[in-house]
Amino acid sequence: MAGQTTTLAVVGVLLRQPEQLLTDAGDEAERDRLALLAPQLLGITLIGAAIFGLVIGSYRGDLQYLYAALKTPALLLLPVLIGLPAIRAVHGACELEIPWSRMALAALIAVARTAVLAAACGPVLWLYLSIQPDYHRAILALAGCLLLVGGPGLWTLIRALPAGGRNRPLATFASLAVLGVLLAQSGWLLRPFVVRPRAEVSFLRPIEADVFSSLASTRRAANGDYRGWEARSGGLLGTREIDEDPR
Amino acid sequence: MLATTTLHPPPYELGATPVDSRAVLVALLGLLALGAAAGLGSPAFTPGLRLIPSVLLVELASLALGSPALIAAHQFMGLAAAPEALAAALGRALIHAGRVAGGLALIVLFFGATTRLAAPMLLIALAGVGVFTSVTACAELRAAERRAATVVAPMFSLLLLGWLSLSWLIAARVGVDVAAWVFDFGGTW
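Sequences listed follow chains C and H, in order.
With the working numbering applied, the first sequence closes on residue 328, and no number is skipped along the way.
With the working numbering applied, the second sequence closes on residue 192, and no number is skipped along the way.
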């Protein structure tokens, strides 16, 4: 089907009835379908997410157009890439063995649909960002857009997995938790997306702290506690600090 | 006398589905991988090294200490499923636990590589593995009992509840000891 259709037609099916892109005709047919659709779905993801990235970059302008357009596809793909084995395993534990080809196809469809919806949100977000709102409001608008398009995307992934299994709600909850946590940390890792108008533009910030401590600091600041926040680096890729004494 | 004594077949179904040993091996590797992922994120060498078998130790200890009690109590109470069927059900639960651990290892590795949250993420992942082990074990044990008896006795549900509570308590106790050993804060390892 997909081999004879244009990418635009695939986008149409993706938005109308994404489950039509799947097949229940067995493992081999699923692999064939994946081989046919994967390049188109990846292309749709890259283009859709890059358009959304361009819109985000418009808040700061200059090089941030390019940087945000390059990073936004990674923001959508990275959590799925890392979380897919865990999602498959938790469904397996709930007696629903899902072939890798089906998992990959479902994930690609979900991410592509999210990217297309994000691109569709682009004009509205651009209009808002063009009036140069306060930095925090811009961040909130971005988060709102991501929530708006992320919901249908996640729902598509859940719907694209085969029916059945025992304790399915538990598997669904675990999958959503995994993807939510990974998306949050990926966003933190790939920051900055929205850059303050006078701030220096950079492709990536140093690997430091984590999204949760950042959120805690933001919440403290929102409550009027401006004690500051020491973003300490850590982890394999950050600068390790072994038994350091802060005194 | 002994030669003429025959064992009467028990009133339950024998010959549970065998557990694939290769799948068990992969599951054990998954549990090791989860510990190793957290170990890679540890800033110090010795705790990092000791984190590798930590998940395997907690999971195996809780299963090894809790399962004989379950099987013994099950048989003592005259419930239907054969010990082999119960053991196979627990084996399948271990296989699923290992797969979940293997899947979560990537996530822990991601956090271990980019944040200082390797140990907290390991703790959350360990709890997740525990939840899925419990859920799978309950489903498998219940299926084994249902295969042997048309109706699952209420006593079986009570036994499962007791065993689950015992297993979680054992896992918590072993977890504290393993954490004391890993981070060297003076436990009773």
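Worth flagging that the hints you see were computed from the coordinates, not collected in a lab.
As the structure is a computational prediction, the values presented were derived from the model and not from experiment.
Be aware that one or more of the hints could be misleading.
Not close to chain H: a few residues of chain C, all C-beta gaps over 10 Å, as computed [said to hold, decoys possible]:
1. 163
2. 248
3. 251
Computed Cβ-Cβ distance ranges for the label pairs, DEER-style [claimed, not checked]:
4. C:98 x H:172: 24 to 32 Å
5. H:161 x C:123: 51 to 59 Å
6. H:176 x C:116: 34 to 42 Å
7. H:187 x C:265: 47 to 55 Å
8. C:286 x H:76: 21 to 29 Å
9. C:119 x H:169: 31 to 39 Å
10. H:48 x C:258: 50 to 58 Å
11. C:228 x H:28: 37 to 45 Å
12. H:47 x C:261: 25 to 33 Å
13. H:161 x C:224: 29 to 37 Å
14. C:88 x H:186: 39 to 47 Å
15. H:49 x C:279: 22 to 30 Å
16. C:250 x H:47: 38 to 46 Å
From the three backbone atoms N, C-alpha and C, an ideal C-beta is built for every residue, glycine too.
Consistency of the hints with the structure:
1. Once the 10 Å rule is applied to beta carbons, residue 163 (chain C) is inconsistent with being away from chain H; the minimum gap is 5 Å.
2. With a least CB separation of 5 Å from chain H, residue 248 (chain C) falls inside the 10 Å interface cut-off, contrary to its annotation.
3. Residue placement check: residue 251 (chain C) does not keep its beta carbon more than 10 Å from all beta carbons of chain H (closest about 6 Å).
4. The hinted window of 24 to 32 Å between residue 98 (chain C) and residue 172 (chain H) is violated, with their beta carbons roughly 49 Å apart.
5. Distance hint check: the CB atoms of residue 161 (chain H) and residue 123 (chain C) are about 53 Å apart, consistent with the given range 51 to 59 Å.
6. Separation of residue 176 (chain H) from residue 116 (chain C) is about 50 Å and departs from the stated range, judged on CB atoms against 34 to 42 Å.
7. In this structure the hint that residue 187 (chain H) and residue 265 (chain C) lie 47 to 55 Å apart at CB is violated, the actual value being about 32 Å.
8. For the pair residue 286 (chain C) and residue 76 (chain H), the beta carbons lie near 56 Å from each other, so the given range of 21 to 29 Å is not met.
9. A hinted range of 31 to 39 Å for the beta carbons of residue 119 (chain C) and residue 169 (chain H) is inconsistent with their spacing of about 48 Å.
10. For residue 48 (chain H) paired with residue 258 (chain C), a C-beta distance near 32 Å fails the hint of 50 to 58 Å.
11. For residue 228 (chain C) paired with residue 28 (chain H), a C-beta distance near 42 Å keeps the hint of 37 to 45 Å intact.
12. Residue 47 (chain H) and residue 261 (chain C) have their C-beta atoms about 30 Å apart, which keeps the hinted 25 to 33 Å range intact.
13. Our hint of 29 to 37 Å for residue 161 (chain H) and residue 224 (chain C) is violated, since their Cβ atoms are close to 47 Å apart.
14. For the pair residue 88 (chain C) and residue 186 (chain H), the beta carbons lie near 53 Å from each other, so the given range of 39 to 47 Å is not met.
15. Checked against the hint of 22 to 30 Å, the C-beta distance between residue 49 (chain H) and residue 279 (chain C) comes to roughly 47 Å, which is inconsistent with it.
16. Distance hint for residue 250 (chain C) and residue 47 (chain H): a CB-CB separation of about 40 Å, consistent with the stated range 38 to 46 Å.
Taken one by one, the earlier hints fail for this structure at numbers 1, 2, 3, 4, 6, 7, 8, 9, 10, 13, 14 and 15, listed in ascending order.
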